[in-house]
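Hints given; two lone chains; assemble the complex.
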Amino acid sequence: MSDYIAIKNNETILLESIPVLRYEDFLSFNTSLLSNEANHCVHYFGYPLPDKLKLICCIANDEENTILISSSEIKVELNSLPSFSAQHLAFHIFEREIHENFGVAYTDHPWLKPVRYAFDRADRNSTIGQYPFYQINSEELHEVGVGPIHAGVIEPGHFRFICNGEQILHLEIQLGYQHRGIENLFVRKKKLLQRNILAESIAGDTVAGHTTAFVNLWESLCGYTADDDLQYARTLALELERIAIHTGDLSAICTDIAYQLGSSVFGRLRTPVINFFQVWCGNRMAKGLIRAGKNHFHFSGELADQLRKLFDDFEPDYQEMWNEIKELPSALARLEKTGVVTHEQAVSIGAVGMTAKTAGIKRDIRASHPHDLYRQFNHQPIVKHHGDVYSRTQIRNEEILQSIDYIREMIKNPPDVHINRPPLSPPKPDSFTLSLTEGWRGEICHCAITNGNGELLHYKIKDPSMHNWLALALAVRNNEISDFPICNKSFDLSYCGHDL
Amino acid sequence: MIGNIKILMHQGKQYIPDVTTTEVPGIFRGRPEISTEPVDSIALVDLCPTDAIRLNPVQIDLGKCVFCGECAFAFPEKIKFTLDYKIATNQRESLIVKEGEYNNIILNPDLIREEIAKYFSGSLKLRQVSAGGDNSCELELNACGNVNFDMGRFGIEFVASPRHADGIVITGPITENMAEPLQICYDAIPHPKIIILAGTDAISGGIFAGSPALNRSFLNNHKIDLYVPGNPIHPLTFINGVLELIRKRKG
Numbered sequence: 001m002s003d004y005i006a007i008k009n010n011e012t013i014l015l016e017s018i019p020v021l022r023y024e025d026f027l028s029f030n031t032s033l034l035s036n037e038a039n040h041c042v043h044y045f046g047y048p049l050p051d052k053l054k055l056i057c058c059i060a061n062d063e064e065n066t067i068l069i070s071s072s073e074i075k076v077e078l079n080s081l082p083s084f085s086a087q088h089l090a091f092h093i094f095e096r097e098i099h100e101n102f103g104v105a106y107t108d109h110p111w112l113k114p115v116r117y118a119f120d121r122a123d124r125n126s127t128i129g130q131y132p133f134y135q136i137n138s139e140e141l142h143e144v145g146v147g148p149i150h151a152g153v154i155e156p157g158h159f160r161f162i163c164n165g166e167q168i169l170h171l172e173i174q175l176g177y178q179h180r181g182i183e184n185l186f187v188r189k190k191k192l193l194q195r196n197i198l199a200e201s202i203a204g205d206t207v208a209g210h211t212t213a214f215v216n217l218w219e220s221l222c223g224y225t226a227d228d229d230l231q232y233a234r235t236l237a238l239e240l241e242r243i244a245i246h247t248g249d250l251s252a253i254c255t256d257i258a259y260q261l262g263s264s265v266f267g268r269l270r271t272p273v274i275n276f277f278q279v280w281c282g283n284r285m286a287k288g289l290i291r292a293g294k295n296h297f298h299f300s301g302e303l304a305d306q307l308r309k310l311f312d313d314f315e316p317d318y319q320e321m322w323n324e325i326k327e328l329p330s331a332l333a334r335l336e337k338t339g340v341v342t343h344e345q346a347v348s349i350g351a352v353g354m355t356a357k358t359a360g361i362k363r364d365i366r367a368s369h370p371h372d373l374y375r376q377f378n379h380q381p382i383v384k385h386h387g388d389v390y391s392r393t394q395i396r397n398e399e400i401l402q403s404i405d406y407i408r409e410m411i412k413n414p415p416d417v418h419i420n421r422p423p424l425s426p427p428k429p430d431s432f433t434l435s436l437t438e439g440w441r442g443e444i445c446h447c448a449i450t451n452g453n454g455e456l457l458h459y460k461i462k463d464p465s466m467h468n469w470l471a472l473a474l475a476v477r478n479n480e481i482s483d484f485p486i487c488n489k490s491f492d493l494s495y496c497g498h499d500l
Numbered sequence: 001m002i003g004n005i006k007i008l009m010h011q012g013k014q015y016i017p018d019v020t021t022t023e024v025p026g027i028f029r030g031r032p033e034i035s036t037e038p039v040d041s042i043a044l045v046d047l048c049p050t051d052a053i054r055l056n057p058v059q060i061d062l063g064k065c066v067f068c069g070e071c072a073f074a075f076p077e078k079i080k081f082t083l084d085y086k087i088a089t090n091q092r093e094s095l096i097v098k099e100g101e102y103n104n105i106i107l108n109p110d111l112i113r114e115e116i117a118k119y120f121s122g123s124l125k126l127r128q129v130s131a132g133g134d135n136s137c138e139l140e141l142n143a144c145g146n147v148n149f150d151m152g153r154f155g156i157e158f159v160a161s162p163r164h165a166d167g168i169v170i171t172g173p174i175t176e177n178m179a180e181p182l183q184i185c186y187d188a189i190p191h192p193k194i195i196i197l198a199g200t201d202a203i204s205g206g207i208f209a210g211s212p213a214l215n216r217s218f219l220n221n222h223k224i225d226l227y228v229p230g231n232p233i234h235p236l237t238f239i240n241g242v243l244e245l246i247r248k249r250k251g
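One line per chain: the protein sequences are A and B, in this order.
Be aware that the first sequence starts at 1, since it is given in UniProt numbering, and climbs by one per residue.
Be aware that the second sequence starts at 1, since it is given in UniProt numbering, and climbs by one per residue.
With the rest of the complex left out, here is chain B (with noise of 0.2 Å):
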């Protein structure tokens, strides 16, 4: 008992204080920025392995960006990866981030659903489905719940039953053999509900996109309330993202 007290204080303070305004340490690749520069536009195009980057005017999707970084080293004086982990939002065009263009990720409180401000926005209960999940962003989402990032504390929490949850969060591309399990899970879970897409996996395949492999027909069918893009998703995209989805909406 005096042992378990002991390392308790050794431990000291470990949670993040503010989770919206805390800066992530080192190089962390989150929202690009990309200058009017020319450069070899047919150069940075293919170099892309997901597709991600288009022309006219030159944007990258984060929705389907790995984030693998190679065009901002083979073009640094275009495309540059900045600290900004606030890239999660409701609105798929949002996602596409275009040459000159500065502006923040933000989510358009227009888009919000009334009932997501009504119930959700002091307690929000989430069921994880990994379909075709490589375990990176699994693991993301359990750090949201360690002591560092601490995302009890606003309410949200991952819970074991569909049938005690408020919204689902699917990682992976979505394969052909979790495409029955999903929609199962999804059906369980009582109204209403939403649905957030975590990783890039989840939002465009990915690096799977085309594969033989997958049915993402559930997408086609259902609503998305959010988009949190990511190869893993760090924690405080996720955090910050599900925040604003349900404090946004006024009234």
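Chain A extracted, bound-state conformation (with noise of 0.2 Å):
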């Protein structure tokens, strides 16, 4: 018998059909798959069996296309398990997930630590206000803290510096503030609508991202081919998203390196592209778009009349504040060299998304693991090898004009509207099924398990922020403190994807 089975993205099978192996064997097989850096983690966590807890790891293989999922079965009393952690870091945080949630104690895991305070955590006395924050015994050294309350309009996160005078040396980062119980939600709301309204709530910043995610994973458990229209739009939605996330970015990194007119400029083009997911589908943030078998607003040929005219008026005001701020040098004084993240560091953590690429790591699930029209774009992923704040500036940029290709390519031929479309059939029974897709920020994964009756039994999220907080803390890490609002909106990382 095999140790894994293979899958692709979006492909449905059978619980069964998951081999179950004795932990060590789980353990050195997932831990050595990684030594190939085509592989890399996209999902490992635990559920709760009767009397047991079944442990799921799935590394996706972007070479081969290939999603590798293996399992184990554990008592929670043994409570001395060795760790993956301690061979490859990447698996750092899901461990991190499986010991807060189930109590599982790791012997050997470098970091420990709670990673949201989540309402079914097993230790209930442990409370967000006693999070265990690495200590300095020095007279020389001052730790800051930040949050979770920040200056901005932004969301709650902590974060405690350990600096030596203005000079960063560590940065740890505790989250957990917007824990709403949102995988708990997926299984205790039964209707499909209230799942998939919880799906474009999960980060309302990436709508098309992780709503694509949960409507793939949905039809393909119920055995639905979505039809090509539907499809278009997902696309199509991910590409737009893309566009007006990266355009405020770039909006943001300005406002924190105090040149206003990049900021007032970059702030307004995204505008007109929010404002199109409002005449397309009555939402800025694409809310009510994408739904699970159906969708309520046809891309006409007249909407792709106006968005063709909307990147017509946007492409040379875009190009003229980029050509501006790429040659200004108070400004690249700022960016460049400033947060960086090493490749060595990128494939240790498991980097993904924007976080990966501009490390020198070619990952991106268009490519790797594509899903709807992706499947037709041959899509080559923006690659940066610097991994410095200015690397993830020039990526958004670069990454805005690709999608803005795509798009037009995309628009000479919207699809004809499918009438009579069938209905989804109920969820097949004991079943597993995992979804990719590369939202913005990047690789977003959604796995789902179903009991006998085809109820679901279980619903895990994983956002890319997951993966690429610790890129951050790394990142800023001999910078100077001021230079932290710049790091960190180069990220631009998840709270409520991290906390769900």
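Hints in this document: simulated from the structure, not taken from any laboratory.
Since we're looking at a predicted model, the values are computed, not measured.
Here a beta-carbon is modelled for each residue, glycine too, at the ideal position from N, C-alpha and C.
Possibly wrong hints are sitting among the right ones.
FRET-style restraints, in silico, Cβ to Cβ [said to hold, decoys possible]: (1) A:Glu77 / B:Asp51: 38 to 44 Å; (2) B:Asp46 / A:Trp111: 44 to 50 Å; (3) B:Thr22 / A:Phe133: 46 to 52 Å; (4) B:Arg92 / A:Glu336: 51 to 57 Å; (5) B:Asn4 / A:Ile136: 30 to 36 Å; (6) A:Phe133 / B:Val45: 45 to 51 Å; (7) A:Gly454 / B:Gly100: 49 to 55 Å; (8) A:Gln167 / B:Ser217: 48 to 54 Å; (9) A:Glu344 / B:Val45: 56 to 62 Å.
See below:
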């Protein structure tokens, strides 16, 4: 019997077809896979069985377009397991989550701290006010605490710096403030529409990314093949969202270096893009647009003309602003060589999305595990190598232009609307499905497990921020603390996507 | 320098001249109108993902509605979402839209406290606290201050510290883990101070209502000065609501 089952993105399999390994074999199999850089962990989680805990590990192979699924069953009382993280740091956040939720104690995990203080955590006595921060005993060094509530209109999280004068030696990021119990609500709320809206609310800045992951997963679970017009709408929404948020982020990066012209111009350039979502589907964040098995908002030829006109107006203004900033010494001095994530660091922590792509890792679901229209795109990920704030600024610029090219191509021939779509069948029983999408931040992974009656037994969500928050902590080391805001903005990670 | 000036020239005027009368583009889902047409009301109630629809008479509670619009697709003859974005109010009951009633949603001037008109009508500084917000309302609150909506022209701004603030804007369904920081932030704001709930999640919990990870007890202990529904709120809903709040009370 094999150690794993290899599946494609959005493939539903029987739960029993996932091999169950002894924990020692499970550990050595999955950790050894990561010695190949083409492999990375897209999800690793546990869920309770009557008298034990089932662990499922999902490793994506970016060259063969497969995801290798393996599992193990452990007794929680045993309480002394060797960790994956001691072999490879990329597993650290997943094992911390398993530890927090189920009380599994690892013997050699390097950083076994709470993840988000979930309401259903194993140890209810541990509360968010008592997070065990890394401590120093030094008269020369000092600590700076920031948050949970920040100066701007952003989400909450706590940052604890250890500094030598102005220089950051260490940053610890403590999250969990945004925990809404969303994975649990997926199981408790029984209506498909409720789950669809929950998916839209995982991270309200990544509505297209998370909702596409959900509907693709759900349709696969129901054995439903989406019509080309549904796939078209989802792909278009993903790329439009990328353009909108990247443009807004360029504005915010300018704000953080006090370049007001850039801030204002990129800020106002975002407006017509999100207003187009409102013209298309009635909501500036694309809420309501993506629905499992249907679409209320047909993308008509008239909308295609409007979008073409929008880009005709957008591009010259955008290009003019970008050309200015990319040659502005006072801006570049703040961006270049600030907040560097090295290639080795990005590989070791299993970084995804822009963080990986700006550190020389060609990791992009649109190319490696394509879904919807990406299967026809031959997408070439944009890769940068310096891993600094400027790389993360440049990649946004290039991805915006690439996405505009994709959309211009797509809107030449919008598909006809399908009428009389078949209704969704009920989800298959005793099944496992995994869905990957490349949101603007990076790779999103949703997993679902159904019980014998085809009801949802377990739902797992992974926002790219799960991997990448550690990258921010590493990037700011040895930087001045005054550069923290620009570093943070250049990653623009999700708090609610992490806290769920 | 010359490059910067050229860019400025090419931008032209970007601000919305009158935010109280401008029209939103497209098919915005604003204030719903419910006709008196008889429909399968059980199916209608069952359809709603957040129990925002009640019967006798048929009504939608915009404090619970996530503006998905599914009811209007299923029963187009019964429910229609209009482009009316002025849906903020200071009275919780005013968010309930009933069948056959096509009135605008307005603020009740009698409920606006005297000190709001006295101190804040020309300048209002707000502290924002996201307490489980999904970052969509936060993005829209930021958009209120961008060059298009330019809320700053009315003296309304977000500030970095509660010590500088005249009030608090809460987004999100208020998680257990944010309950204490929210209270601390509110306590740090000097009197007199106002509370604004921005977004359906903040007003009722929205799709998260009933989640065991929430702790909404803060709302039981404080009077709310403004409810701004939306999923997320539209910047024009927020700006118009706040303007009414600081300007509407006479004397």
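Against the structure, the hints come out as follows:
1. A:Glu77 / B:Asp51: 38 to 44 Å: Taking Cβ atoms as reference, Glu77 of chain A and Asp51 of chain B lie about 41 Å apart, which means the hint holds.
2. B:Asp46 / A:Trp111: 44 to 50 Å: With Cβ atoms ~47 Å apart, the hint holds.
3. B:Thr22 / A:Phe133: 46 to 52 Å: At roughly 49 Å between Cβ atoms, Phe133 of chain A and Thr22 of chain B fall inside 46 to 52 Å, so the hint holds.
4. B:Arg92 / A:Glu336: 51 to 57 Å: Cβ of Arg92 of chain B to Cβ of Glu336 of chain A: about 52 Å, so the range 51 to 57 Å holds.
5. B:Asn4 / A:Ile136: 30 to 36 Å: 45 Å Cβ-Cβ, so the 30 to 36 Å window is violated.
6. A:Phe133 / B:Val45: 45 to 51 Å: For Phe133 of chain A and Val45 of chain B the Cβ distance comes to about 49 Å; the hint holds.
7. A:Gly454 / B:Gly100: 49 to 55 Å: This hint is violated: roughly 42 Å between Cβ atoms.
8. A:Gln167 / B:Ser217: 48 to 54 Å: With a Cβ separation near 42 Å, Gln167 of chain A and Ser217 of chain B fall outside 48 to 54 Å, so the hint is violated.
9. A:Glu344 / B:Val45: 56 to 62 Å: holds (57 Å)
The structure fails to meet hints 5, 7, 8 from the earlier list, while all remaining hints are met.
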